[in-house]
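Fit chain B to the given chain A structure using the hints.
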Amino acid sequence: MPQDLNYLRETPSQTAGPYVHIGLAPGAAGFDIYREELGHDIAGPNAKGERIRVEGLVMDGTGSPIKDVLLEAWQANSDGIYAHPEHPGEVEDGFRGWGRVITDFDTGEWGFDTIKPGPVMGRNGRIMAPHINLWLVARGINIGLNTRIYFSDEDAANAADPVINLVEWERRRETLIARRSEADGKIVYRFDVQIQGENETVFFDI
Amino acid sequence: MRKPAEFYQRDRGRHPPAYVDTYKTSVTRSPQYSLISLQNSASEITGPVFGHNDIDPTDNDLIVNYAKPGEMPIGERIILHGRVLDENARPVRNTLVEIWQANAGGRYRHKKDTYLAPIDPNFGGCGRTMTDEDGYYYFRTVKPGAYPWRNYVNSWRPAHIHVSVFGTGFAQRLISQIYFEGDPLIPMCPIVQAIPDPDAIEQVTAKLDMNSTIPLDTIAYKFDIVLRGRRSTLFENRLEGN
Numbered sequence: 001m002p003q004d005l006n007y008l009r010e011t012p013s014q015t016a017g018p019y020v021h022i023g024l025a026p027g028a029a030g031f032d033i034y035r036e037e038l039g040h041d042i043a044g045p046n047a048k049g050e051r052i053r054v055e056g057l058v059m060d061g062t063g064s065p066i067k068d069v070l071l072e073a074w075q076a077n078s079d080g081i082y083a084h085p086e087h088p089g090e091v092e093d094g095f096r097g098w099g100r101v102i103t104d105f106d107t108g109e110w111g112f113d114t115i116k117p118g119p120v121m122g123r124n125g126r127i128m129a130p131h132i133n134l135w136l137v138a139r140g141i142n143i144g145l146n147t148r149i150y151f152s153d154e155d156a157a158n159a160a161d162p163v164i165n166l167v168e169w170e171r172r173r174e175t176l177i178a179r180r181s182e183a184d185g186k187i188v189y190r191f192d193v194q195i196q197g198e199n200e201t202v203f204f205d206i
Numbered sequence: 001m002r003k004p005a006e007f008y009q010r011d012r013g014r015h016p017p018a019y020v021d022t023y024k025t026s027v028t029r030s031p032q033y034s035l036i037s038l039q040n041s042a043s044e045i046t047g048p049v050f051g052h053n054d055i056d057p058t059d060n061d062l063i064v065n066y067a068k069p070g071e072m073p074i075g076e077r078i079i080l081h082g083r084v085l086d087e088n089a090r091p092v093r094n095t096l097v098e099i100w101q102a103n104a105g106g107r108y109r110h111k112k113d114t115y116l117a118p119i120d121p122n123f124g125g126c127g128r129t130m131t132d133e134d135g136y137y138y139f140r141t142v143k144p145g146a147y148p149w150r151n152y153v154n155s156w157r158p159a160h161i162h163v164s165v166f167g168t169g170f171a172q173r174l175i176s177q178i179y180f181e182g183d184p185l186i187p188m189c190p191i192v193q194a195i196p197d198p199d200a201i202e203q204v205t206a207k208l209d210m211n212s213t214i215p216l217d218t219i220a221y222k223f224d225i226v227l228r229g230r231r232s233t234l235f236e237n238r239l240e241g242n
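Chains as they are written, first to last, in the UniProt record's numbering: chain A, 1 to 206; chain B, 1 to 242.
Among the clues, some could well be false.
[Claimed, not checked] Just so you have them, the derived chain B footprint on chain A, three or more residues with Cβ under 8 Å:
1. 7-16
2. 21-29
3. 93-104
4. 120-126
5. 150-158
6. 198-206
[To be verified] Think about it this way: if two alpha-carbon atoms lie no more than 35 Å apart in a straight line, the pair counts; the simulated DSBU-like pairs of lysine-lysine are:
7. B:24 - B:222
8. B:24 - B:207
9. B:68 - A:67
10. A:186 - B:112
11. A:67 - B:24
[Unchecked claim] Facing chain A, a subset of chain B residues (Cβ under 8 Å, in silico):
12. 15
13. 16
14. 85
15. 210
16. 214
17. 216
Treat the hints as calculated values from the structure; they're not laboratory data. Note that the structure is a prediction, hence the values are computed from the model and not measured. C-beta: ideal position from N, C-alpha, C; glycine also.
So here's chain A without its partners, still in its complex pose (with noise of 0.2 Å):
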């Protein structure tokens, strides 16, 4: 008989379905419930860097924006530092560097408000340019969509950076680039998802 492995099995992902909103956002479900819901600052007000917003669409194949989505964001500090116990260094107080967000019942709109991450150690190494990991789920996709927002004004580090040089063709490491734009002083990046067809993100398998 051959050797048994003892290993247990991931429990397997379902889609979160169209009323996720309760669960994780019930405020915008249209009911209050907890004494404050989560994710609703990733900086926190001690954090150093220049501040931001994120914002954009998740589209589906056929182009239309996608009103139902739950969008999560962990992402490092200024310094480049996670905030977690196994990531060297410190964060500022308050700095969690998580955040949860849904897409707007009418527009199909999200954004959230941060700082710029700084660049973080990556594997062997190798230096990764700033970036904001983002993880998607809502009605119809079955498992969560991992993807990564970086930065319009980081060029350089960008071209240097191990993960988007993964991605063989070239056109395609065009849709993990959030383009930066400024108005009335605040400092806005656009991301838009494009979930399938024509410049499909980049979707990882981490």
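Structure of chain B alone, referenced to chain A:
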């Protein structure tokens, strides 16, 4: 500090594929290109940390957390409990578990749900808790009802509770659904059957647990959640460049 260790590769054959033509919404919401595989870096190995200050002790009791004083939701009182483990069978401690569900009639407290079954004035339908030092979690709630949805004309979801888990790294982030043992709608549901492996479908089915039932009070179901395990870096640890 533990040395940063990578997670085992996700076995995509245990998970539903992105495109499942019988689950119609997935047809336009599934990428057509292959996922690009990434070896883990700090971005994937780390993840958000939550504390007990983030939540309230009654957040895991759906029978009281939205009920008016002295009132209760209508439905079958159940305890849902189990452990969060990794693939190495180690407990995942102090991790956030969130659930949401319909009421006993299959109606969600959501402004987009227009099903004619009524809202229960004493039931919100969401809860959250942190696992303890053994990875253990528990909720008290009412068993949700099945409900119809517009997939085929006569499609009904089996009774289910949605569950969201974090683990310790962003690569472990997982949302799934918990079904109930013996429900005859399970084999008919395109969302459940999107999972290609019958054994994996069994893994998302909570089992009746008479030993944890409170006599004359509340019946119990057990559901263990397994998140990705981590490699032991026996001969190499290239994450930090050595």
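Take a quick look at whether residue 24 (chain B) and residue 222 (chain B) sit within 35 Å of each other, Cα to Cα. Holds, at roughly 31 Å.
Given hint residue 67 (chain A) paired with residue 68 (chain B) - CA-CA distance at most 35 Å: Distance ~32 Å between residue 68 (chain B) and residue 67 (chain A) Cα, so the pair holds.
Chain B covers the stretch 120-126 of chain A, three or more CB atoms within 8 Å, holds or violated: holds (count 7)
Interface hint compliance - residue 214 (chain B) to chain A, C-beta minimum distance less than 8 Å: 24 Å, violated
If you look at each residue in the stretch 93-104 of chain A, do at least three have a Cβ nearer than 8 Å to any Cβ of chain B? holds (count 3)
Chain A contact restraint for residue 15 (chain B) - C-beta distance below 8 Å: 5 Å, holds
A closest beta-carbon separation below 8 Å is what the hint needs, so does residue 85 (chain B) meet it against chain A? Hint holds; residue 85 (chain B) Cβ to chain A Cβ min 6 Å, cut 8 Å.
Interface hint outcome for residue 216 (chain B) [beta carbon to chain A under 8 Å]: 29 Å, violated
Is the hinted pair residue 67 (chain A) and residue 24 (chain B) satisfied, with a Cα-Cα distance of at most 35 Å? Within the cut-off at roughly 16 Å; holds.
Go through the hint on residue 16 (chain B) and say holds or violated, using the shortest Cβ distance to chain A against 8 Å. Holds, about 4 Å.
Do three or more residues of the stretch 150-158 of chain A come closer than 8 Å to chain B, measuring C-beta to C-beta? Three-residue rule not met by the stretch 150-158 of chain A, so violated; n is 0.
Should the hint that residue 210 (chain B) touches chain A count as held when the rule is a Cβ pair under 8 Å? Result: violated, 23 Å to nearest chain A Cβ.
Violated hints for the displayed structure, listed by number in ascending order: 5, 15, 16 and 17.
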